[in-house]
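**Student:** Chains E and L, in that order, give the protein sequences. For the first sequence, the residue numbers in this note's numbering are 1 to 253. For the second sequence, the residue numbers in this note's numbering are 1001 to 1454.
Think of the hints as simulated: they come from the structure by calculation, not from any bench. No incorrect hints appear here.
Straight line, CA to CA, 30 Å or less: simulated DSBU-like cross-link-like pairs of lysine-lysine:
id, chain 1, residue 1, chain 2, residue 2
1, E, K84, L, K1293
2, L, K1442, E, K228
3, L, K1009, E, K199
4, L, K1364, E, K97
5, L, K1433, E, K224
6, L, K1009, E, K224
7, L, K1433, E, K199
8, E, K97, L, K1403
Read off the chains here:
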Amino acid sequence: MKVGLFIPCYIDQFYPNVGIATLQLLEKYGAEVVYPLNQTCCGQPMANTGFENIGEKSIDLVVKNFHGMDFIVGPSGSCVLHLKEQLKHRSSELQNKVFELCEFLTDVVKIKAIHAEFPYKVGLHASCHGLRGLGLATPSELNIPRIDKPRSLLEKVKRIQLVELSRKDECCGFGGTFAVNEEAVSVRMGNDRIEDHLKNGVEVITATDMSCLMHLEGLIVRQKKNLKVMHIAEILNGNGIQKTDIPKKEYRK
Amino acid sequence: MISHAKNAKGFLRDQEKTTWHDATLWNARTNRDRGSQKVAEWEQLRELASQIKNNVLSQLDDYLLQFEKNAVKNGAEVYWAKDADDHNRIIGEILKKHRVNSLVKSKSILTEECHLNQYLEKQGYEVVDTDLGERIVQFAKQPPSHIVTPAIHLKKEEIGKLFHEHIGTDEGASDPQYLTEAARKHLREKFLGSEAALTGVNFAIAETGGFVVCTNEGNADMGVNIAPIQIASMGIEKIIPKAEHLGVFLRLLARSATGQSITNYTSHFHQPKPNGKLFIVMVDNGRSDLLGKADFKNSLKCIRCGACMNTCPVYKRSGGYSYGYTIPGPIGSVLAPARDLEKYANLPFASSLCGACTNVCPVKIDLHDQLYKWRQEAAKKGYISTSKKWSMQMAGWVFSHPKLYRFLGSSARLMLRISPRFMIYNSLNAWGKSRELPKAPKESFRDWYLKNKN
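Based on the sequences and whatever the hints tell you, model everything.
**Tutor:** Set out below in structure tokens:
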């Protein structure tokens, strides 16, 4: 099983640990992982700003980079969704091979047990594109049988305490360029999410998308809130909490 | 061009009121969830409603003619209005011909869209909106900020002040019971003296020529049952083929709007009352143009329940007025650009594209996909700022050259690590106004991979 590891640009640049955890996790469960070296961005920022045509060049690169892989797996529901949508017009063969990490673990690897421990109160933020676009879980608006792939994985982690939120899947307000174009609304949405996690006793917020967490972390660190963020791959990989992950100490003076 | 971001920023200045606004609408969303969960076949109903509406849109012309024929047979007079001016002129002429000086109104967002009140008031008519929320915003000289709950942006203290000024309630009184009773008494007088009554239309049935108006306060009935002249203003998309289809929509409408099983009043109208007259004005006002746009015509399926607003995390935190269009929220943000893309090019960006609107919509309008597609249209027509366009072109260029991307990536990380704080956190950095940037690591993932795995 040859898996092409798709690492979104901001994870490559700012969150290498998330990429490493994803790679280690995939290898742990039997995949032969290849990381094509000429990756950049999936083109979503341009497309969501109205310039899908500009983003298409990025898709050209993806098609080139991942030629011949059995699967393409990435630790981001949002970028994976964008890839899938864009590949629709290009290569249905490639399109069907693209998976977000959690759905790959539950649907393809069909993982039974996870060898990790995480003795903290964890709030699972349901990132919208994974949730509603890829169907990683059942959106709260729909009255259909409930599934939740990321949660089902977290439930296999030892000593983890998953916390119920008051609003189980409201958007955090990142939204790509929305975060800067609609700065005021975006910040307010993020603060409201953080408040929900805090009031329900969450110690660590996790998600399938680091972009949501980057936005929430930005607010948490600025406001010196006692809350951490970790990508789901890091928890599933058994990374634990590093001292350097504690926001207070990381606050730049 | 309307700037939602700028307007929203203004709304958000009152953080406490934003909290209240958000919570009030979230409450409506929660009620909707409870109401819909009581119907086991909810998702089938949505699918059925969507398909009935698709059928309507595929042969709207036939259904409209059928409706007209049957309505005329029932004794109604039917008018076709191609736009808002036409609509207003027709209603003005009906009032003039029947020597009517005042008009009571209920349940009509369409007349807001056409600015009928202003038109008639300019000609000296007294126009009274009789639904409580509508009357409140009419006193406040404001348009509705939500299509189901028009005065949702006002708190009871603000309403108490308005009522004190307009209908003489006690100064400082804000007890909802007291205010509602005062409004009721005030409106009763208006009803009893009314000569003509206008309502909107929720559903117009092609096979019967009748129409249905759904209300909670009963003002539509009160108005049209007292006044000798009854006028119904309907958008041409309000048609449904058969009476039997009503069951599908009535079960969806109130549950989606407020969580109620059904609205308190579901009034069916077919004929003019004895010695009275019934006029039906069918309004296009851009709807046929929209019907011709394959990617966007779906938005004509809307039954105006407001569920997309109640669920939208952006609407809840920015208020109806920040959209600058009669219909706000996700549905407004796809309808407005169809009317005037240049003016409303910013509205499709007033969304994080989370998709909750699409999932909550009882007639399955692909709202967030349409928002995305309107963004593409806005860019094609050149309605996106040059600086944004330029930065996207730059980004596109960088991302299509992996070596350049890597060089710029590591340079940027270095800059972030070594620069003094003021260089990074300043007025040019919108991200950093309230948020920290992520810490910049020395190694990218690729660097690590080359070192450890290759």
